[in-house]
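Could you put together the complete structure from these sequences and hints?
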Amino acid sequence: MNGHQHLTTHPTNRENPPVTVIGLGPMGQAMTRTLLAAGHPVTVWNRTAGRADDVVGEGAALAATPAEAVAASDLVILSLTDYRAMYDILDGGTASLAGRTLVNLSSDTPDRTREAAAWAARHEAGFLTGGVMVPAPMVGTESAHVYYSGHAQVLENHRATLTLLGTPRYLGEDPGLAQMMYQAQLAVFLGTLSALMHATAMLGSAGMKAGRALPELLTFTDTIGPIVRAGEDVPGAALDAGQHPGDLSTVTMMGATADHIVETSTSLGLDLTLPLAVQGHYRNAIENGHGGDNWTRIIDGIRAPR
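Quick note on numbering: the sequence shown equals residues 2 to 307 in my numbering.
If you're looking for bench data, these hints aren't it; they were derived computationally from the structure. Some clues are possibly wrong.
Cβ-Cβ distance ranges computed for the label pairs, FRET-style [stated by the list, open to error]:
id : residue 1 : residue 2 : range
1  : T222      : G60       : 37 to 45 Å
2  : T168      : P27       : 18 to 26 Å
3  : D301      : N17       : 45 to 53 Å
4  : P27       : S268      : 35 to 43 Å
5  : D175      : D301      : 22 to 30 Å
6  : R52       : T164      : 20 to 28 Å
7  : E174      : T274      : 34 to 42 Å
8  : P306      : E16       : 50 to 58 Å
9  : A238      : L277      : 29 to 37 Å
10 : T274      : F221      : 20 to 28 Å
11 : Y88       : N289      : 38 to 46 Å
12 : D175      : T220      : 35 to 43 Å
No experiment lies behind these values; they were computed from the predicted model shown. Note that the Cβ used here is the ideal one computed from N, Cα and C, for glycine as well.
See below:
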């Protein structure tokens, strides 16, 4: 044996229907193992066939071609670098797409996901956009959730299987919504990581080791949610109503803090990319006459002009 299990036709099983996974990076492998553990026959394909060895050893079937992989299951899950990779892989075997459901869990822009949904429709395939909101080791755990958008019935048709990967959170018919939510969440995540490293560098300049600084900073990040929620039953409701009451904090007050952070970072010789961007948000709101409003007013300068 060379470690590759030959592809066989999976028997129909309503409780554990066959699933195909294309793309065997850490996420694709985690999803394959989760599906196998739940009793689903799983067919896999990857450009570098050797990446399939471990999951094939655990029971997956390796397809020789993408078209063969698609033909093996009604549900095809894609875990790729981007959406361009989907076209590169499937364009040569589009005849096998009719009647299948493609669930693309790859990262890309909302516009590209909308284009992909239209492409799938032209080939008579169902399509869901998805965003997995946990790292690979957490796939299939109670903490895992996945955002989906696209036709609701497509999700319902495969809800039981997809729930194994993480709790589905459906956002709406627009195929771009799941990708938008995925990137919005990561904008918060990446922004926070950069802020944590900037703050650690600030404290490091005063001789404080990261091992002491970072635990303190992480304790503070845990309080951000309650701070933003304070005074609002539904966070964001005031924003939707165009209300920015400045009774708790104002743009001017927060802007002064942003100025101090820029001044301190400058004196320490730190990179100013992040603090200047934050300072710019507050200065823009002040220049537009909103210094007395709540800090949420900075969203005006962030939003695209209408």
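Each hint, compared with the structure:
1. T222 - G60: 37 to 45 Å: holds, 41 Å
2. T168 - P27: 18 to 26 Å: Because 20 Å falls inside the window, the suggested range holds.
3. D301 - N17: 45 to 53 Å: 51 Å Cβ-Cβ, so the 45 to 53 Å window holds.
4. P27 - S268: 35 to 43 Å: Because 42 Å falls inside the window, the suggested range holds.
5. D175 - D301: 22 to 30 Å: holds, 24 Å
6. R52 - T164: 20 to 28 Å: holds, 26 Å
7. E174 - T274: 34 to 42 Å: holds, 38 Å
8. P306 - E16: 50 to 58 Å: For E16 against P306, whose Cβ atoms are near 52 Å apart, the range 50 to 58 Å holds.
9. A238 - L277: 29 to 37 Å: Given range 29 to 37 Å: holds, Cβ gap about 31 Å.
10. T274 - F221: 20 to 28 Å: holds, 21 Å
11. Y88 - N289: 38 to 46 Å: Since Y88 and N289 have Cβ atoms about 44 Å apart, the given range 38 to 46 Å holds.
12. D175 - T220: 35 to 43 Å: The hinted range 35 to 43 Å holds for D175 and T220, with Cβ atoms some 38 Å apart.
Going through the hint list in order, the structure satisfies each hint without exception.
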